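Q: With these hints in hand, go ahead and build the complete structure from the sequences.
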Amino acid sequence: MLRKSSWLMAPCLAYMLVMYVTPALIMLYSPFQNGVGSGIASLGEALVEPSYQRVMMTTFRTALVVTVVAVLLGYPTAYYLSRLPSEKVGKYMLLIMFPLWTSLLVRTYAWIALLQDAGVINSTLMSTNLISNPVRLLYNSGSVAIGMVQILLPYAIVTMYSVMVGIKPRLSQTAQVLGASPVRAFWHVFFPLSLPGLSAACLLLFIMGLGFFVTPALLGGRRDMMVGTLIQQQVVLLGDWNSASLLSIMLLAATIILLFVYSRFARLENLVPASS
Amino acid sequence: MSYLSLIDVEKTYASSAPAVRNVFLEIERGEFVTFLGPSGSGKTTTLSMVAGFILPSSGRIEVGGKDITHVPPHQRNIGMVFQDYSLFPHMTVEENVAFPLRMRGMSKKNITSRVGEALEIVGLSGFGHRLPVQLSGGQQQRVAIARAIVYRPAILLMDEPLGALDRLLRDRLQLEIKQIQREMGITTLYVTHDQSEALTMSDRICVFNEGEIVQIGTPSSIYEKPSNVFVAGFVGESNFLECRVLTRKSDTPDNTYVLGFLNSASVRVKSERDLPVHGEAIAVVRPEHIRVEPTSVQPQTTEVAFQATIRDIIYRGESSSLQAILPSGQIVTARIPSRSVSLSPNQQIHLVWETRDMVLLPNDKRPEAVIEAAE
Numbered sequence: 000m001l002r003k004s005s006w007l008m009a010p011c012l013a014y015m016l017v018m019y020v021t022p023a024l025i026m027l028y029s030p031f032q033n034g035v036g037s038g039i040a041s042l043g044e045a046l047v048e049p050s051y052q053r054v055m056m057t058t059f060r061t062a063l064v065v066t067v068v069a070v071l072l073g074y075p076t077a078y079y080l081s082r083l084p085s086e087k088v089g090k091y092m093l094l095i096m097f098p099l100w101t102s103l104l105v106r107t108y109a110w111i112a113l114l115q116d117a118g119v120i121n122s123t124l125m126s127t128n129l130i131s132n133p134v135r136l137l138y139n140s141g142s143v144a145i146g147m148v149q150i151l152l153p154y155a156i157v158t159m160y161s162v163m164v165g166i167k168p169r170l171s172q173t174a175q176v177l178g179a180s181p182v183r184a185f186w187h188v189f190f191p192l193s194l195p196g197l198s199a200a201c202l203l204l205f206i207m208g209l210g211f212f213v214t215p216a217l218l219g220g221r222r223d224m225m226v227g228t229l230i231q232q233q234v235v236l237l238g239d240w241n242s243a244s245l246l247s248i249m250l251l252a253a254t255i256i257l258l259f260v261y262s263r264f265a266r267l268e269n270l271v272p273a274s275s
Numbered sequence: 000m001s002y003l004s005l006i007d008v009e010k011t012y013a014s015s016a017p018a019v020r021n022v023f024l025e026i027e028r029g030e031f032v033t034f035l036g037p038s039g040s041g042k043t044t045t046l047s048m049v050a051g052f053i054l055p056s057s058g059r060i061e062v063g064g065k066d067i068t069h070v071p072p073h074q075r076n077i078g079m080v081f082q083d084y085s086l087f088p089h090m091t092v093e094e095n096v097a098f099p100l101r102m103r104g105m106s107k108k109n110i111t112s113r114v115g116e117a118l119e120i121v122g123l124s125g126f127g128h129r130l131p132v133q134l135s136g137g138q139q140q141r142v143a144i145a146r147a148i149v150y151r152p153a154i155l156l157m158d159e160p161l162g163a164l165d166r167l168l169r170d171r172l173q174l175e176i177k178q179i180q181r182e183m184g185i186t187t188l189y190v191t192h193d194q195s196e197a198l199t200m201s202d203r204i205c206v207f208n209e210g211e212i213v214q215i216g217t218p219s220s221i222y223e224k225p226s227n228v229f230v231a232g233f234v235g236e237s238n239f240l241e242c243r244v245l246t247r248k249s250d251t252p253d254n255t256y257v258l259g260f261l262n263s264a265s266v267r268v269k270s271e272r273d274l275p276v277h278g279e280a281i282a283v284v285r286p287e288h289i290r291v292e293p294t295s296v297q298p299q300t301t302e303v304a305f306q307a308t309i310r311d312i313i314y315r316g317e318s319s320s321l322q323a324i325l326p327s328g329q330i331v332t333a334r335i336p337s338r339s340v341s342l343s344p345n346q347q348i349h350l351v352w353e354t355r356d357m358v359l360l361p362n363d364k365r366p367e368a369v370i371e372a373a374e
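Line order of the protein sequences matches chains Z and E. For the first sequence, the residue numbers in numbering that gives the first Met the number 0 are 0 to 275. For the second sequence, the residue numbers in numbering that gives the first Met the number 0 are 0 to 374.
Incorrect hints may appear among the rest.
What the hints assert, rightly or not - List time: in silico DSBU-like cross-link candidates among lysine-lysine, alpha-carbon distance up to 35 Å:
(1) Z/167 to E/224
(2) E/65 to E/108
(3) E/65 to E/107
(4) E/224 to E/248
(5) Z/3 to Z/90
(6) E/65 to Z/167
(7) Z/167 to Z/87
(8) E/269 to E/224
(9) E/177 to Z/167
(10) Z/167 to E/108
(11) E/177 to E/108
(12) E/177 to E/224
To be verified - The following residues of chain Z were derived to be distant from chain E, with all beta-carbon distances above 12 Å:
(13) 14
(14) 15
(15) 27
(16) 42
(17) 43
(18) 64
(19) 192
(20) 254
Honestly, the hints are just simulated from the structure, not real lab data. Values in this document were obtained by computation on a predicted structure and should not be read as measured data. We treat Cβ as the ideally placed atom computed from N, Cα and C, and that holds for glycine.
A: Have a look at this one:
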């Protein structure tokens, strides 16, 4: 009965086919339009191009730092929520989701207002005579990381929560009555059982972090540009669609490789909260 | 000297009646004590206080004369088995059973041999490398039992351990648990709402109702001498006959009463219980003590006979349940052999039982209300 109703997905599929898959394929095809050989050759060149390599390194490093920080911040919160009775979780979840409903631009410009030379933080520090000249807080990898962490944190919490909520509280009790202190009960029982959620959150945040554009573009400096910003510059400033496409292919390949590696160790379904 | 003592233990939650109160309990070393009662009667709460999961609002819990009321669960050296098995899903059977030994810092070699012994006791040698999900419910519960006894705890707590298993398996595991418990001499507290399980396994039974222990005693004393209407209704089947105390002759050890029943003859009964003359009382008769006779048969002097009309006969396999209506309109259930072909509905009969099989109780509650609560 339900299987026969699969046509219910058709409108959505058709839309995505026309609006997402086709343009993505056209874009990915562009380096190969003068023959596959020349496409592969230019991809090879792009891979060894020092400026691209530097941008890729920055991108991976930033995504990694942001992932680690957001997961470390999110884990205790997700743990706490998962131990609450379910009827009490709702209002906390609303608070956690609230940032996601606030415009990305508003949140990013708010950080500029806070961090710039004449911003709230610098003027406060100067008025209390702790510093005499403004500290450069904006347009470096630090400001990018701060901005990205606060945007990604809700995703980290929700992903980890959805796995943790399936871990029965009874198991920790059992571990304790069997002789484990609350701390050891956590490390021997809860933590290993939460690893699927932890790894899913890491992967999700890392992949999202690789492709970030608005936050690095507005809060980041020229020296530590991320790949999203570089792609935008290739297209808008230089009109170099070919290079933009090559960079996109590299980004997509990284994502696919990560997903593949993850699927070897854990269920890909862990990445979507609804599955548990 | 008792080994485990609960002294005036009480648990109160804000804005509700006490979950548990007035619990006084003295348990000997090696004793098997069952907490029996309907759900919400406080038996699991009391067990959780012994485990250390719940802190009593007042009162003390002592083991071997030492106050453990405020000792955290992991320092109590107690074993516990839950209805949902509560095995660690990421550990193999062996790792699950080894867990309490690892927490106690035992050497690898000792752990291996102890785990092997424990798995052998529960009949699961050779299953060590499986994960809990690869086992049946009964096997999982055996692993949980092995894990709870492997470190030879002072006390074993079991919270409806067989509740999730089917009838046949339950009967077998009842015997196995009892055997393990007896061989290890381990002091055991066992929670169940299944009265036949309690009667089969226990040295003593504590019947809980509405947060209090209403009777403590051996299975036979609980069954044969229920101290109130609730126990009589909850443990085994009972007929409750309302009556009035007409006269009373005080003797030692027993008093002799003459009881008046509605629309029936008066009956002379001995009871050690003190009941006021002219007061309401309840006479309890078990269905298996009632005999069905033709109306022509006169009862012996030690017997009581009530005239009744058969309403229905329900086949139950090893026996049948006969329901008869007394002239007062009350329905009485009797257990009769399954092949009593001579009986049929609307027939006039005599229900006969020995007066010594009657238990006299004060009429403190409507028995129907109690039976409904128990169900």
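Q: The structure should be examined with respect to each hint, and the outcome stated for every one.
A: For each hint, the structure was consulted:
1. For the given pair, residue 167 of chain Z sits about 42 Å from residue 224 of chain E by alpha-carbon distance, which is inconsistent with the 35 Å threshold.
2. Restraint check: the Cα-Cα separation between residue 65 of chain E and residue 108 of chain E comes to about 33 Å, which is no more than 35 Å; the hinted pair holds.
3. At most 35 Å may separate the alpha-carbon atoms for a hinted pair to count; residue 65 of chain E and residue 107 of chain E meet this at roughly 32 Å.
4. Proposed proximity of residue 224 of chain E and residue 248 of chain E is supported: the alpha carbons are some 21 Å apart, at most 35 Å.
5. A C-alpha spacing of about 38 Å is found between residue 3 of chain Z and residue 90 of chain Z, which places the hinted pair above 35 Å, so the restraint is violated.
6. Pair hint residue 65 of chain E plus residue 167 of chain Z holds up; C-alpha atoms about 32 Å apart against a cutoff of 35 Å.
7. With a CA separation close to 17 Å, the supplied pair residue 167 of chain Z and residue 87 of chain Z stays within the 35 Å bound.
8. With a C-alpha separation of about 13 Å, the suggested pairing of residue 269 of chain E with residue 224 of chain E holds against the 35 Å cut-off.
9. Distance hint between residue 177 of chain E and residue 167 of chain Z is fulfilled; the C-alpha atoms sit about 29 Å from each other, no more than 35 Å.
10. Distance restraint check for residue 167 of chain Z and residue 108 of chain E: the Cα-Cα separation of roughly 31 Å lies within the 35 Å cut-off, and the hinted pair is therefore satisfied.
11. At roughly 29 Å between alpha-carbon atoms, residue 177 of chain E and residue 108 of chain E fall within 35 Å of each other, so this suggested pair holds.
12. The straight-line distance between the Cα atoms of residue 177 of chain E and residue 224 of chain E is roughly 24 Å, inside the 35 Å bound, and the hint therefore holds.
13. Every C-beta of chain E lies more than 12 Å from that of residue 14 of chain Z, the closest at about 40 Å, which supports listing it as non-interface.
14. The Cβ of residue 15 of chain Z sits about 37 Å from the closest Cβ of chain E, beyond the 12 Å cut-off, so the non-interface label holds.
15. No beta-carbon of chain E comes within 12 Å of the beta-carbon of residue 27 of chain Z; the shortest separation is about 41 Å.
16. Listed as a non-interface residue, residue 42 of chain Z keeps its Cβ farther than 12 Å from every Cβ of chain E; the least gap is roughly 42 Å.
17. Chain E leaves residue 43 of chain Z outside its interface by the beta-carbon criterion, the shortest separation being 44 Å against a cut-off of 12 Å.
18. Against chain E, the non-interface label of residue 64 of chain Z holds: every CB pair exceeds 12 Å, the least being about 30 Å.
19. The claim that residue 192 of chain Z is not at the interface with chain E is violated, since a C-beta of that chain comes within 12 Å of its own (minimum 6 Å).
20. No Cβ of chain E approaches the Cβ of residue 254 of chain Z within 12 Å, the least distance being about 29 Å, so the stated non-interface status holds.
Checked against the numbered hints above, the structure violates hints 1, 5 and 19; every other hint is satisfied.
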